[in-house]
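A.B. asks: Spelled out from the first residue to the last, the chains are:
There are 2 protein chains.
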Amino acid sequence: MSAGNLLYAQSGGVTAVINASAAGVIEAAQKSRKIGKVLAARNGIIGALREELIDTSLESAAAIKALRHTPGGAFGSCRYKLKSLEESREQYQRLIDVLRAHDIRWFLYNGGNDSADTANKLSMISEKLGYPLQCIGVPKTVDNDLVVTDCCPGFGSVAKYTAISIAEASLDVASMCESSTKVFVMEVMGRHAGWIAAAAGLAGKKATDAPQIILFPEVVFDQAKFLAKVKAMVEQIGWCSVVVSEGVRNAEGKFLSEVGSTDAFGHQQLGGVAPMLAALVKQHLGYKYHWALPDYLQRSARHAASKTDADQAYAVGKAAVEYALKGMNAVMPVIRRQCAQPYRWTVEPAALSAVANHEKKMPPRFIRGDGFGITAAARRYLAPLIQGEAPLPYGDDGLPVYVKLKNRLLPKKLAPYRIADK
Amino acid sequence: MSAGNLLYAQSGGVTAVINASAAGVIEAAQKSRKIGKVLAARNGIIGALREELIDTSLESAAAIKALRHTPGGAFGSCRYKLKSLEESREQYQRLIDVLRAHDIRWFLYNGGNDSADTANKLSMISEKLGYPLQCIGVPKTVDNDLVVTDCCPGFGSVAKYTAISIAEASLDVASMCESSTKVFVMEVMGRHAGWIAAAAGLAGKKATDAPQIILFPEVVFDQAKFLAKVKAMVEQIGWCSVVVSEGVRNAEGKFLSEVGSTDAFGHQQLGGVAPMLAALVKQHLGYKYHWALPDYLQRSARHAASKTDADQAYAVGKAAVEYALKGMNAVMPVIRRQCAQPYRWTVEPAALSAVANHEKKMPPRFIRGDGFGITAAARRYLAPLIQGEAPLPYGDDGLPVYVKLKNRLLPKKLAPYRIADK
Numbered sequence: 001m002s003a004g005n006l007l008y009a010q011s012g013g014v015t016a017v018i019n020a021s022a023a024g025v026i027e028a029a030q031k032s033r034k035i036g037k038v039l040a041a042r043n044g045i046i047g048a049l050r051e052e053l054i055d056t057s058l059e060s061a062a063a064i065k066a067l068r069h070t071p072g073g074a075f076g077s078c079r080y081k082l083k084s085l086e087e088s089r090e091q092y093q094r095l096i097d098v099l100r101a102h103d104i105r106w107f108l109y110n111g112g113n114d115s116a117d118t119a120n121k122l123s124m125i126s127e128k129l130g131y132p133l134q135c136i137g138v139p140k141t142v143d144n145d146l147v148v149t150d151c152c153p154g155f156g157s158v159a160k161y162t163a164i165s166i167a168e169a170s171l172d173v174a175s176m177c178e179s180s181t182k183v184f185v186m187e188v189m190g191r192h193a194g195w196i197a198a199a200a201g202l203a204g205k206k207a208t209d210a211p212q213i214i215l216f217p218e219v220v221f222d223q224a225k226f227l228a229k230v231k232a233m234v235e236q237i238g239w240c241s242v243v244v245s246e247g248v249r250n251a252e253g254k255f256l257s258e259v260g261s262t263d264a265f266g267h268q269q270l271g272g273v274a275p276m277l278a279a280l281v282k283q284h285l286g287y288k289y290h291w292a293l294p295d296y297l298q299r300s301a302r303h304a305a306s307k308t309d310a311d312q313a314y315a316v317g318k319a320a321v322e323y324a325l326k327g328m329n330a331v332m333p334v335i336r337r338q339c340a341q342p343y344r345w346t347v348e349p350a351a352l353s354a355v356a357n358h359e360k361k362m363p364p365r366f367i368r369g370d371g372f373g374i375t376a377a378a379r380r381y382l383a384p385l386i387q388g389e390a391p392l393p394y395g396d397d398g399l400p401v402y403v404k405l406k407n408r409l410l411p412k413k414l415a416p417y418r419i420a421d422k
Numbered sequence: 423m424s425a426g427n428l429l430y431a432q433s434g435g436v437t438a439v440i441n442a443s444a445a446g447v448i449e450a451a452q453k454s455r456k457i458g459k460v461l462a463a464r465n466g467i468i469g470a471l472r473e474e475l476i477d478t479s480l481e482s483a484a485a486i487k488a489l490r491h492t493p494g495g496a497f498g499s500c501r502y503k504l505k506s507l508e509e510s511r512e513q514y515q516r517l518i519d520v521l522r523a524h525d526i527r528w529f530l531y532n533g534g535n536d537s538a539d540t541a542n543k544l545s546m547i548s549e550k551l552g553y554p555l556q557c558i559g560v561p562k563t564v565d566n567d568l569v570v571t572d573c574c575p576g577f578g579s580v581a582k583y584t585a586i587s588i589a590e591a592s593l594d595v596a597s598m599c600e601s602s603t604k605v606f607v608m609e610v611m612g613r614h615a616g617w618i619a620a621a622a623g624l625a626g627k628k629a630t631d632a633p634q635i636i637l638f639p640e641v642v643f644d645q646a647k648f649l650a651k652v653k654a655m656v657e658q659i660g661w662c663s664v665v666v667s668e669g670v671r672n673a674e675g676k677f678l679s680e681v682g683s684t685d686a687f688g689h690q691q692l693g694g695v696a697p698m699l700a701a702l703v704k705q706h707l708g709y710k711y712h713w714a715l716p717d718y719l720q721r722s723a724r725h726a727a728s729k730t731d732a733d734q735a736y737a738v739g740k741a742a743v744e745y746a747l748k749g750m751n752a753v754m755p756v757i758r759r760q761c762a763q764p765y766r767w768t769v770e771p772a773a774l775s776a777v778a779n780h781e782k783k784m785p786p787r788f789i790r791g792d793g794f795g796i797t798a799a800a801r802r803y804l805a806p807l808i809q810g811e812a813p814l815p816y817g818d819d820g821l822p823v824y825v826k827l828k829n830r831l832l833p834k835k836l837a838p839y840r841i842a843d844k
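If you're matching them up, the sequences are chains B and X in order. According to the working numbering, the first sequence is numbered sequentially starting from 1. According to the working numbering, the second sequence is numbered sequentially starting from 423.
Treat the hints with care, as some may be off.
To be verified - Derived pair list, reagent style EDC-like, types lysine to aspartate or glutamate, alpha-carbon separation capped at 16 Å: (1) B/Lys206 - X/Asp819; (2) X/Lys729 - B/Asp396; (3) B/Lys307 - X/Asp631; (4) X/Lys503 - B/Glu178; (5) B/Lys205 - X/Asp819; (6) B/Lys307 - X/Asp819; (7) X/Lys826 - B/Asp209; (8) X/Lys627 - B/Asp397; (9) X/Lys748 - X/Glu781; (10) B/Lys81 - X/Glu600; (11) X/Lys628 - B/Asp397; (12) B/Lys205 - X/Glu509; (13) X/Lys729 - B/Glu178; (14) B/Lys404 - X/Asp631; (15) B/Lys81 - B/Asp114; (16) X/Lys627 - B/Asp396.
Source of the hints: derived by calculation from the structure; they are not laboratory data. Since we're looking at a predicted model, the values are computed, not measured.
Using the sequences and the hints given, assemble the complete structure.
C.D. replies: Given below as structure tokens:
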């Protein structure tokens, strides 16, 4: 007779390796033989509220193993934040009802700082209500903005994809610049912090290597300085590659993408800071340009994942189960850097309350004095995170073999539930 | 005493595997011991006109070998088309002067149908002028629009990248669609023909697999039909992935990207058909969307190259030298499909005149009746081209190890030359 079931849920934007964390959770739970069923909420916390619980024991061992190399969220994720205990008391209560109905004693929530907050609150309310529940966070976010942990699973892979992509595209630009494109602009994710943009800097070692210019959300955009730098690079080497974070703002604090669209082009949602900058270059310097916006391609690119990242994602899933079995509550396994070179890391528990609702910004010492690149300190921090390749199986058709789970739901035991203001 | 030198030049948009052709040329020439030096024109035909000739014998064997996995154009390429013999007679004459000055007896031109035309004309004029020269084309283009050949080196890799990317991004979309993005639009290259867009179709086997909608330049855009299909897919499975070729036009024959920018958003060069379609979906159906435009990332993505493609690129380079040594002139090695399944191909010579100035369109039988996908015939044609992975070395830094050649120029022997109307 087991001690109850475990519920795992994915939250927020998915990554190339969030399913590796799921595999870590499920395999560790099965191996322990101390946990009944591992259930997964369908589409994240929404599914938990709706009592849409996937029975992962119906999946084959091979399918669970294949999660380790399958991007996206295998059980579905969602953008849905529970509010404070006061405002959302009824929803927390509903969660407890669902957990109780299915004998769930462990809740593992795989997400960012919002999710850490939710898991923390759920742990508090369960105690208040006298329902025995352990809540464990599992870290995930391409934004790399969780505090306490050295880095966030999901980030290393988008970092690697970004560095590879700008290196490759820049070889293209360099070889054609004599008679074609001279300026290439690639826009990357990162509305609040420039971690992904910074990772692009790993592609270049010298000042003339691509990307010659990185624009961070942390640095106010200075049009004259930017154009002068582009011009200087084109005059020196014939071309210039720019990596720009979607979150770059002007001196008035407005996103550049919005400035572009509202001032001159009429339609905000069309935006994208890359085309706006490219047009600026054309207008002021007359150079031929191209721009790219990989969008979801960057955060789902499992085919170019970092081994470090994939390993860490699996490890935090596994550790979450170990903590659960040790009786720990309201904690999250985080990555601790033991040594930068060679990179050695361990997983250790941190209080959810220490992680919840904080945001890790890039330290100013990671950004070069001229604002257009990364420092040696940033390089030391970032470099290990993209190390190693994480090979994945390809089929005879030349495509990666990604798993699609059966995702069969448990029969419901409670009355239907309607989620307000979803 | 050798029989003279060989000049190799890259032309037009570069690819993930054009340097593999260069490696094929250089290694085959060295191995033959019948060719003096292999020279490479700096930045394509422009360098040949300017007498900027790179001495590839100064590169190490390891560097030449590494070309096989390095994207971009290692010697530089250009967009510069020589006109007719009458209009550009002086330029053809100049080329002959340069070739004569450096004892060049073989000219290998690595490009698309324009380049085949130039090589063909150069062969004619050299004969007229009594200069002994053999001109051989080496096929290359991501557009896959050369006739005679089964496919074009460069296309298979962009095809593979495109299919992988839409598969991965769609896993992301599918897992979030309940509460976030429902429609994802990815724009791919192909102004005149939908080959790259068609390749995206390899990612899906069933009608509900991504991409659920492909928009081809060959099919007139029908807004009502498009929106109805998007709506139907979202209602059926919750989300919809769209791959759109940059060359899609409306009933008036206008590029959709231009329609979007001139009608509503003011600035044409900002364009991109992906954001235009995404905005259309939002406006008419209200769905949350994301869009991606990988641009140069797609044609430089050597990290996701097709083995078939990389092998073919090397093989045509090697074959070009073999033809040269057999005394052939005005020919191009092309790929001949011997068998579709299992895919077997050979390389054989075709007359440059048969390839020059023609454009291979997608046959109508490759496009599904509803205009939104590929047929089984298209799948049979395309599938082999993305088969196999072409691994590449990664460094300790987690990045592909791409080679940068020394590219030392031979001393000039002629007077400086100014290129008109570049």
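A.B. asks: Compare the structure with each hint and give your call.
C.D. replies: Hint-by-hint comparison with the structure:
1. B/Lys206 - X/Asp819: Holds: B/Lys206 and X/Asp819 sit about 15 Å apart, inside 16 Å.
2. X/Lys729 - B/Asp396: Roughly 12 Å between the alpha carbons, so the hint for X/Lys729 and B/Asp396 holds.
3. B/Lys307 - X/Asp631: Distance ~28 Å between B/Lys307 and X/Asp631 Cα, so the pair is violated.
4. X/Lys503 - B/Glu178: Status holds; Cα separation ~14 Å.
5. B/Lys205 - X/Asp819: Distance of about 11 Å is within 16 Å: holds.
6. B/Lys307 - X/Asp819: holds (12 Å)
7. X/Lys826 - B/Asp209: Distance of about 12 Å is within 16 Å: holds.
8. X/Lys627 - B/Asp397: At roughly 11 Å apart (the allowed maximum being 16 Å), B/Asp397 and X/Lys627 satisfy the hint.
9. X/Lys748 - X/Glu781: violated (28 Å)
10. B/Lys81 - X/Glu600: holds (14 Å)
11. X/Lys628 - B/Asp397: Holds. X/Lys628 to B/Asp397 sits at ~15 Å (cutoff 16 Å).
12. B/Lys205 - X/Glu509: Violated. B/Lys205 to X/Glu509 sits at ~46 Å, over the 16 Å cutoff.
13. X/Lys729 - B/Glu178: violated (30 Å)
14. B/Lys404 - X/Asp631: holds (12 Å)
15. B/Lys81 - B/Asp114: Satisfied, since the Cα-Cα distance of roughly 7 Å is no more than 16 Å.
16. X/Lys627 - B/Asp396: OK: X/Lys627 and B/Asp396 at ~14 Å, within 16 Å.
Violated hints for the displayed structure, listed by number in ascending order: 3, 9, 12, 13.
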